[in-house]
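Heads up: the protein sequence lines correspond to chains A and B, in order.
So the first sequence is residues 498 to 608, counted in this note's numbering.
So the second sequence is residues 8 to 120, counted in this note's numbering.
A hint or two may mislead.
To be verified - Computed Cβ-Cβ distance ranges for the label pairs, DEER-style:
# : chain 1 : residue 1 : chain 2 : residue 2 : range
1 : B       : L29       : A       : R558      : 34 to 42 angstroms
2 : A       : R591      : B       : N80       : 20 to 28 angstroms
3 : A       : K512      : B       : L76       : 30 to 38 angstroms
4 : B       : M48       : A       : G557      : 37 to 45 angstroms
5 : B       : A9        : A       : P537      : 36 to 44 angstroms
6 : A       : E556      : B       : N35       : 39 to 47 angstroms
Simulated from the structure, these hints should not be mistaken for lab results.
The beta carbon of each residue, even a glycine, is placed where N, CA and C say it ideally should be.
Below are the chains, spelled out letter by letter.
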Amino acid sequence: QQQVKQSPQSLIVQKGGISIINCAYENTAFDYFPWYQQFPGKGPALLIAIRPDVSEKKEGRFTISFNKSAKQFSLHIMDSQPGDSATYFCAASRDFNKFYFGSGTKLNVKP
Amino acid sequence: NAGVTQTPKFRVLKTGQSMTLLCAQDMNHEYMYWYRQDPGMGLRLIHYSVGEGTTAKGEVPDGYNVSRLKKQNFLLGLESAAPSQTSVYFCASSADRTDQPQHFGDGTRLSIL
């Protein structure tokens, strides 16, 4: 049973548009929700993360929206650029010991 | 600063062979992790360690063993490789604080024929 469900599997966005990726979780004990970005042939790299005590976190063009009651969180990429084309993973953990990852979203930003 | 280094980068094995994947980190991190990445499955945790000399099972530990004899190294072993273990394996490390990110290596592509 997948602990974190991610959608969509793939996403095509025009340059300058907004990319939105969604994740849902079941375990209310999770207390840390990171998003990772992965380029081909490389390992994932942390993009932005949030804790459940806040509803939104913004870093540059990247924003996490968190809905604790719905057990959902999403990544918004504003003004999407071709350089943002990558695979994005959401994840969740409790006490920073075990991380559960979503299945990934392959983002393609068209010039 | 090397960060997390995985060796080898690529390997092809025959069914039944054994091998060890090495992960080394130079950030003095306490926590280390081994994941496997398969298409459409994301990353799944195999084993992890919260300090030198400790190991624990993750989501998919069967068929793998690990050791953390030195703080900077985390080894993943396959005693008798099976085609189902064909995957990309990632090692990660993190500090023992809840606001610290995981740092990943660039992966080991393992094919088992």
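Hint-by-hint comparison with the structure:
| no. | hint | result |
| --- | --- | --- |
| 1 | B:L29 - A:R558: 34 to 42 angstroms | holds, 37 angstroms |
| 2 | A:R591 - B:N80: 20 to 28 angstroms | holds, 26 angstroms |
| 3 | A:K512 - B:L76: 30 to 38 angstroms | violated, 50 angstroms |
| 4 | B:M48 - A:G557: 37 to 45 angstroms | violated, 30 angstroms |
| 5 | B:A9 - A:P537: 36 to 44 angstroms | violated, 21 angstroms |
| 6 | A:E556 - B:N35: 39 to 47 angstroms | violated, 26 angstroms |
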